[in-house]
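Engineer: Listed below, chain by chain, are the residues.
4 protein chains.
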Amino acid sequence: MLDELRQEICLANQELETSGLVKLTFGNVSGIDRDKGIFGIKPSGVAYADLKPEQIVLIDLEGKIVEGDLRPSSDTKTHLKLYQSWQSIGGITHTHSIHATTFAQAECPLPCFGTTHADHFYGEVPLCRALDPEEVEIDYEGNTGVAIVQHFEQNGLDPITMPAVLQKHHAPFTWGKNAKDSVKNSIALEVCAKMAIGTLQLAPASSPIPAHILEKHHQRKHGANAYYGQ
Amino acid sequence: MLDELRQEICLANQELETSGLVKLTFGNVSGIDRDKGIFGIKPSGVAYADLKPEQIVLIDLEGKIVEGDLRPSSDTKTHLKLYQSWQSIGGITHTHSIHATTFAQAECPLPCFGTTHADHFYGEVPLCRALDPEEVEIDYEGNTGVAIVQHFEQNGLDPITMPAVLQKHHAPFTWGKNAKDSVKNSIALEVCAKMAIGTLQLAPASSPIPAHILEKHHQRKHGANAYYGQ
Amino acid sequence: MLDELRQEICLANQELETSGLVKLTFGNVSGIDRDKGIFGIKPSGVAYADLKPEQIVLIDLEGKIVEGDLRPSSDTKTHLKLYQSWQSIGGITHTHSIHATTFAQAECPLPCFGTTHADHFYGEVPLCRALDPEEVEIDYEGNTGVAIVQHFEQNGLDPITMPAVLQKHHAPFTWGKNAKDSVKNSIALEVCAKMAIGTLQLAPASSPIPAHILEKHHQRKHGANAYYGQ
Amino acid sequence: MLDELRQEICLANQELETSGLVKLTFGNVSGIDRDKGIFGIKPSGVAYADLKPEQIVLIDLEGKIVEGDLRPSSDTKTHLKLYQSWQSIGGITHTHSIHATTFAQAECPLPCFGTTHADHFYGEVPLCRALDPEEVEIDYEGNTGVAIVQHFEQNGLDPITMPAVLQKHHAPFTWGKNAKDSVKNSIALEVCAKMAIGTLQLAPASSPIPAHILEKHHQRKHGANAYYGQ
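Protein chains in written order, with our numbering: chain A, 1 to 230; chain B, 1 to 230; chain C, 1 to 230; chain D, 1 to 230.
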């Protein structure tokens, strides 16, 4: 069932390691079939190099396992909540990539200092608040998803133009059209975070990219008249 | 047509990824045949590993596509403007390499702190101003080329001895005798930028390399009596 | 004798190099068979790529070589002391990995700034004092082990929940259930140290992760009701 | 002639690239046969991957080319001067490795902050002065060697226990028993420089390793009663 989706999710998870984004098993990718209302996600703690498409766990939008012998990623309920809330996304990636995680740990949103960032994220990548003890106790992973969705609602953010968030004290989540696209956004986020740390080191009072250049770069790649790519 | 040139440009583009300079599709290389007045450039958004010589887009010096089914790099008009203005260059590379881009984002020119830099760039690598909203609106990529050429003219810079520029808020462009040579200059620029960040961290008041050592290193590699290489 | 253990230790040592944790021969891994009371350790100064299982030196818990033609790692007596004192550990790794060693050199314990750290180490990774001249003179490597064990006793630390230490002016030691697990902890430690340096750079007054999130992340992976992994 | 030496020097040069120490052609290794009074060195500007043993240029101790069709490294006269002055060394490596070069550019000697450093370099790695315009004009590369040798004499440094120097505004030179050993020292130097930058970032007032630990680590690896290695 959903063999093509499993294959795609398996490859996307393996790219976490081959791209250098994660060490050990610090990350997971999922992808959804919106017609069937089922998403697939990495099984927990399995080494990327050993991962096989048939090990991808299939889950419905009520959170029930539809197929799979292995326990799904411990972060599954965060993925579930995002898929439930945002119809427009088709894939989600969670990593602990070094530099993006550094911003999450430093409790700083990621400023948009240049066009590399503008090409992927329309403005500052937001920092989502940490959960309080009760939220953690009741449903840590589910409430993480709730907090992210609320943050986007309360700040008027659109998950299409801002496909990333930094979870305070924790690490980033990114999303996209599908599993592969969500990994691309994790790769871009990590590069932007690394550049931003250096930018702040060279010029601590750096200001964000001017609005008209942010606009231009984002639109030429993602706008109605985009002319980037084929 | 121009099969050898396409082959060379294809390999030079692939070196962007294998050398670690770029992630995803953050960069492009072009090369020109001056006799024919035609340059070839990477198609937009195509993965480096998948790139084939026959996909290189051929363009004349008026900016018309001569051959190629794919849309050329979105930065094509910047390359075009540089080829039009500078007869002496044969190849151009644009990357978002981490440390060179960090200087562009921090709005700092790259000081010449040592011989690694002097071997490739004759002095401080300049920072070119950002475009204003009107310039962006009318022709972003073309006007980027115009601004770079103006910066060199107004500051008495020679594109032969200074084969690089940092575009403010954006990223570097480098050039050279041919496509491959322009990639070499991007590699050297990235190394120099990484060293410069560390140099400023260790000694924030670092002064540039003394003039006589800059002169010696540049001349032994590039001067009339150069004795570097074969 | 103990062919399986030797094989495992050999592979774990080779992972030091392939994972990028060590250069040259800056590290060693050991593993113990508790039933036989014998541990195996890397021979001193042998290149990882050349290492063969039959070269692993077997040593009993009184420190006598049971089998092996080569001289064991110069750090053998530190490993011996930890195995003697801590029945719960099955493998030990010593590296000079860049960022963890940087904390040891800066004489700073490694704060727990996020969940990556909490997933592996239950709180701040301790800094063990340096030896005094007499301790160095009498038995440098053995007394290093003594100092580590004392530090854990005096500070109420449990080697199971805190499988790492930073030896002041020197470098980290990590341990785990077996040789492979101790290498995993060295990899995790290095990632956490790299992130912590960046965190302190971005926000010098960063505070540790809130206690309830530390607790949650550590327990979901290592607690009685852990639900991470298979 | 000297086929084995050429082979060894060729491999040592290639290790500059495979170890990540150099990009492009930013480095060279030589090795000497003391009985014959002839050393071999990399030809200038040849890519490491293309280098063949028969391309290694053989030079006598008066600086005359004994065998070789290619122009030797532009730094040959620095190597020559060191071989002439220091009978005890058998190989020399010059790189522009990122972090060691950063110290040279920042005009800082490299402090000994830990045992990784003490294992290879007996104390602070010295910074050699830059040449004045006249010295550069007359014989840049030869006078670089003269300045290094003078620095060691005037500061009572022994090239055996201190197999490295940082040339101000330029980059490091290391040496050793033979070509391969000199590359090892370049690798160790780069690691120590990277750690030292981080150490100073975490704790700007860091003090060097205590003398008794420096002594112990250096002696257990290099002293009369060394017990490191086989």
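Bear in mind the hints are in silico, worked out from the structure with no lab data behind them. Some hints here could point you the wrong way.
Pairs involving identical chains hold if they fit within one copy or between any two copies, as the list cannot separate such chains.
[To be verified] With a straight-line Cα cutoff of 27 Å, these simulated DSSO-like cross-link-like pairs (lysine-lysine) come out: (1) LYS23 <-> LYS177; (2) LYS52 <-> LYS194; (3) LYS52 <-> LYS221; (4) LYS64 <-> LYS221; (5) LYS36 <-> LYS77; (6) LYS36 <-> LYS23; (7) LYS194 <-> LYS23; (8) LYS221 <-> LYS77; (9) LYS221 <-> LYS36; (10) LYS194 <-> LYS36; (11) LYS23 <-> LYS221; (12) LYS194 <-> LYS64; (13) LYS52 <-> LYS23; (14) LYS23 <-> LYS77; (15) LYS64 <-> LYS177; (16) LYS36 <-> LYS64; (17) LYS36 <-> LYS52.
Engineer: For each hint, tell me whether it holds in the structure or not.
Structural biologist: Against the structure, the hints:
1. LYS23 <-> LYS177: For LYS23 and LYS177, both the intra-copy (25 Å) and inter-copy (19 Å) Cα distances are at most 27 Å.
2. LYS52 <-> LYS194: neither (32 Å within a copy, 31 Å between copies)
3. LYS52 <-> LYS221: Answer is between: at 23 Å across copies they meet the 27 Å cutoff, but 34 Å inside does not.
4. LYS64 <-> LYS221: Result: close only across copies, 22 Å inter versus 37 Å intra.
5. LYS36 <-> LYS77: So LYS36 and LYS77 pass the 27 Å test inside one copy only (18 Å; across, 45 Å).
6. LYS36 <-> LYS23: neither (33 Å within a copy, 34 Å between copies)
7. LYS194 <-> LYS23: both (17 Å within a copy, 13 Å between copies)
8. LYS221 <-> LYS77: Cα proximity of LYS221 and LYS77: across copies only (16 Å, versus 32 Å in one copy).
9. LYS221 <-> LYS36: neither (30 Å within a copy, 32 Å between copies)
10. LYS194 <-> LYS36: neither (38 Å within a copy, 42 Å between copies)
11. LYS23 <-> LYS221: between (31 Å within a copy, 16 Å between copies)
12. LYS194 <-> LYS64: Neither. Shortest intra-copy (38 Å) and inter-copy (38 Å) distances fail the 27 Å Cα cut-off.
13. LYS52 <-> LYS23: both (18 Å within a copy, 26 Å between copies)
14. LYS23 <-> LYS77: Intra 22 Å, inter 30 Å, cutoff 27 Å: intra-copy only.
15. LYS64 <-> LYS177: Answer is within: at 23 Å inside a copy they meet the 27 Å cutoff, but 34 Å across does not.
16. LYS36 <-> LYS64: within (14 Å within a copy, 47 Å between copies)
17. LYS36 <-> LYS52: Only inside one copy: LYS36 and LYS52 sit 22 Å apart there, 37 Å across copies, limit 27 Å.
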